[in-house]
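S.K.: Those protein sequence lines, which keep their order, are chains A and B.
The end of the first sequence is residue 139 by my numbering, with every number in the run present.
The end of the second sequence is residue 762 by my numbering, with every number in the run present.
By construction, these hints were calculated from the structure, which means they are not laboratory data.
Watch out, some of these pointers could steer you wrong.
Derived DEER-like restraints, expressed as beta-carbon distance ranges [stated by the list, open to error]:
(1) A:R88 to B:S706: 48 to 54 angstroms
(2) B:T760 to A:N83: 39 to 45 angstroms
(3) B:Q728 to A:A41: 37 to 43 angstroms
(4) A:Y79 to B:G651: 44 to 50 angstroms
(5) A:T136 to B:S735: 44 to 50 angstroms
(6) B:K705 to A:A41: 44 to 50 angstroms
(7) A:A96 to B:Q731: 22 to 28 angstroms
A short list of chain A residues far from chain B (calculated; beta carbon distances all over 10 angstroms) [unchecked claim]:
(8) E54
(9) S67
(10) M70
(11) T85
Below, a list of computed lysine to aspartate or glutamate pairs in the DMTMM-like style, where the Cα atoms sit at most 25 angstroms apart [said to hold, decoys possible]:
(12) B:K705 to A:D56
(13) B:K726 to B:D666
(14) B:K726 to B:E692
(15) B:K662 to B:E700
(16) B:K662 to B:E719
(17) B:K659 to B:E692
(18) B:K705 to B:E719
(19) A:K98 to A:E40
(20) B:K726 to B:E700
(21) A:K95 to A:E40
(22) B:K705 to A:E42
(23) A:K95 to B:E692
(24) A:K98 to B:D711
(25) B:K705 to A:D111
(26) A:K80 to A:E42
In this text the structure is predicted, and so the values were computed from the model without any measurement.
Cβ coordinates follow ideal geometry from the N, Cα and C atoms, glycine included.
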Amino acid sequence: AQTVTQSQPEMSVQEAETVTLSCTYDTSESDYYLFWYKQPPSRQMILVIRQEAYKQQNATENRFSVNFQKAAKSFSLKISDSQLGDAAMYFCAYRSFTGNQFYFGTGTSLTVIP
Amino acid sequence: GAGVSQSPRYKVAKRGQDVALRCDPISGHVSLFWYQQALGQGPEFLTYFQNEAQLDKSGLPSDRFFAERPEGSVSTLKIQRTQQEDSAVYLCASTRGTGDYGYTFGSGTRLTVV
Numbered sequence: 026a027q028t029v030t031q032s033q034p035e036m037s038v039q040e041a042e043t044v045t046l047s048c049t050y051d052t053s054e055s056d057y058y059l060f061w062y063k064q065p066p067s068r069q070m071i072l073v074i075r076q077e078a079y080k081q082q083n084a085t086e087n088r089f090s091v092n093f094q095k096a097a098k099s100f101s102l103k104i105s106d107s108q109l110g111d112a113a114m115y116f117c118a119y120r121s122f123t124g125n126q127f128y129f130g131t132g133t134s135l136t137v138i139p
Numbered sequence: 649g650a651g652v653s654q655s656p657r658y659k660v661a662k663r664g665q666d667v668a669l670r671c672d673p674i675s676g677h678v679s680l681f682w683y684q685q686a687l688g689q690g691p692e693f694l695t696y697f698q699n700e701a702q703l704d705k706s707g708l709p710s711d712r713f714f715a716e717r718p719e720g721s722v723s724t725l726k727i728q729r730t731q732q733e734d735s736a737v738y739l740c741a742s743t744r745g746t747g748d749y750g751y752t753f754g755s756g757t758r759l760t761v762v
């Protein structure tokens, strides 16, 4: 079974600064998807960014970007120009190319300091 | 509807009581998923429907858990004889098709068993 590890239970960042959240995963598959989801207190999981494993180029969505290292099985999320609204739980997730279910990490709680 | 709707938002059950949790996916979404999120953990897969067919129920923790989607739209997750370890947030997600489509999560039902 695939496992996803987030080793930082909590992180904090000053408003307007940059923060990086770490994620590693274990799989024997060559094709898969990786995701970062944000979960605010409302509990709804909101997609932040997605990466296809077959793409070498790192995904970017506005202030959010990833550093995808396939050989190292590492998938970190960088948040630039942090805003108060970025404060939430962030979950890294894996999905097989042919499967349907997500495998989530245990999450990182991000605090943004004004 | 515009999003995935789950009800109730909160449920308190006495140990041994049966509960039913409802998920109303986005209209026309073929695939529907249930996840269980224990406190301080990431969501864990419970079951998956494609239309009315339950294609994967490998994540259901015991035979006390039962899910259905009889008409391929609304789904109900039923837990019989609830136990304290069932306390968690139950998240529902839907997606337009199979494969790589955007998943939309609901805000979940927080179940507390006392």
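S.K.: Of the numbered hints stated earlier in the document, which are not met by this structure?
M.R.: 1, 3, 4, 5, 7, 9, 10, 15, 16, 19, 21, 22, 24, 25 and 26
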